[in-house]
Amino acid sequence: MRRLTERQQAIVFGVALTISLAGLYGMIQAIQPPPVTSKGVLRASLVVEGDGWTMGYLDVETRNNTAFGILLEAGDRKGFSVEWVDFAIPPGAFVTAINGTVNGQGGKWWQYWVNDVYGDVASNRKELFDGDLVQWRFVVSLEGSA
Amino acid sequence: MTRDRIRGAIHRGLGGRRTISLGLLLISLGVVGKLVLLRYANIETVFVASLLAGSVLGRWWTVIVPLSILAILQPLAWGALYPGYDLEAMLGITFFVVSGFVFIGLAGRSVRRRVLLRVKSVALLTTISVPLTIAYDVWTDVGDWYFLFRPAGIDFATVLWWQVPFTVVHVLSSLIFVPLFGSGFLMLAYAPTTAGNPKASPAEPTDSR
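Chains as they are written, first to last, in this note's numbering: chain Z, 1 to 146; chain S, 1 to 209.
Be aware that a few hints might be false.
[Said to hold, decoys possible] Among the chain S residues that face chain Z by a calculated CB cut under 8 Å, a handful are:
hint : residue
1    : 41
2    : 86
3    : 119
4    : 165
5    : 168
6    : 175
7    : 176
Keep in mind that the hints were calculated from the coordinates and are not lab data.
Where is the CB? At the ideal position from N, CA and C, for every residue including glycine.
Just chain Z, same shape as in the assembly (with noise of 0.2 Å):
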């Protein structure tokens, strides 16, 4: 068999390179929750359960249909700090800190639920329902949810 020539090869590596990386890319965007839109008035609670503290944000309405989105809320409305850090691949906002209560402090980090089920993606891709109860707890383990 015909050995290839240095350009040959370059063209089949870059051939081979390429479909590799479109297939983990469409990979990547199908294993993605979607972004969430906004639509329109619901009634959600809020609340915050921080080290030996705790901050509700009750039967509100808010146009903010997420569970990142009414816990900034809520931050703004009550005046309590949010910080963050948003990732944009894979893309989701990772909260480190509320209140002043930093993640790692004692081995616990904040953690959601909604309706007692535990987040299982981004909580700005968590989209919220009327009715819904958004439970932020700074906690070591998973007790207490579903």
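Given the coordinates of chain Z, work out where chain S should sit on it, guided by the hints.
Just chain S now, kept in the frame of chain Z:
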């Protein structure tokens, strides 16, 4: 005499000016690339810098490059990006990250004899980058599980399952950066140093590999 021996050992370990320049270039690539791409989880240049350090430069650079990059990045990560974690968790996870990237450098070192300025070499590095990326992610998952998730009652299989989308992104990162920076770096490393010496070997003409 002892001074000469030490100097000789350092020269053998670090190589000549060109090798040192290339080593520093890889350290810069790892640090700057990671900082620029901070918002893109697992899209990073530390992996490719470590792999090229072992597979092209060899010598002490196999471990100097990953260790130097992480000596700069880890304090930044724990201080600015993920502040507040317990010292035990920070040290434990750092151990897994550092040893993981040193392993990538050593894995690159093991194929060094087969790496030349050839398409095949770029293809080889790109191909091995896939299982190495997966191995690195599984290894660091062990650290994440032990220091972060095990105390929370989460089992290792769940941590691995959560890792899947991030590993897919990490493999994509390796498939982009290894051929991109690998081919450029091979050109730099193997470029002839003088017009009359077109077959000059990588970085060091007297390199014993």
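Status of the hints after comparison with the structure:
Among the interface hints, the one on residue 41 (chain S) holds; its C-beta lies about 5 Å from the nearest C-beta in chain Z, closer than the 8 Å criterion. Proximity of residue 86 (chain S) to chain Z holds as hinted, the smallest CB-CB distance being about 6 Å (cut-off 8 Å). The closest approach between the C-beta of residue 119 (chain S) and any C-beta of chain Z is roughly 4 Å, which is under the 8 Å cut-off, so the hint is satisfied. Restraint check, residue 165 (chain S) versus chain Z: the minimum CB separation of about 5 Å is within 8 Å; hint holds.
A least Cβ separation of about 6 Å between residue 168 (chain S) and chain Z falls short of the 8 Å threshold, and the interface hint therefore holds. Interface restraint check: residue 175 (chain S) against chain Z, minimum CB-CB distance 6 Å, threshold 8 Å, status holds. For residue 176 (chain S), the shortest C-beta to C-beta distance to chain Z is roughly 7 Å, which falls under 8 Å, so the interface hint holds.
Going down the numbered hints, you'll see the structure goes against none, and every one checks out.
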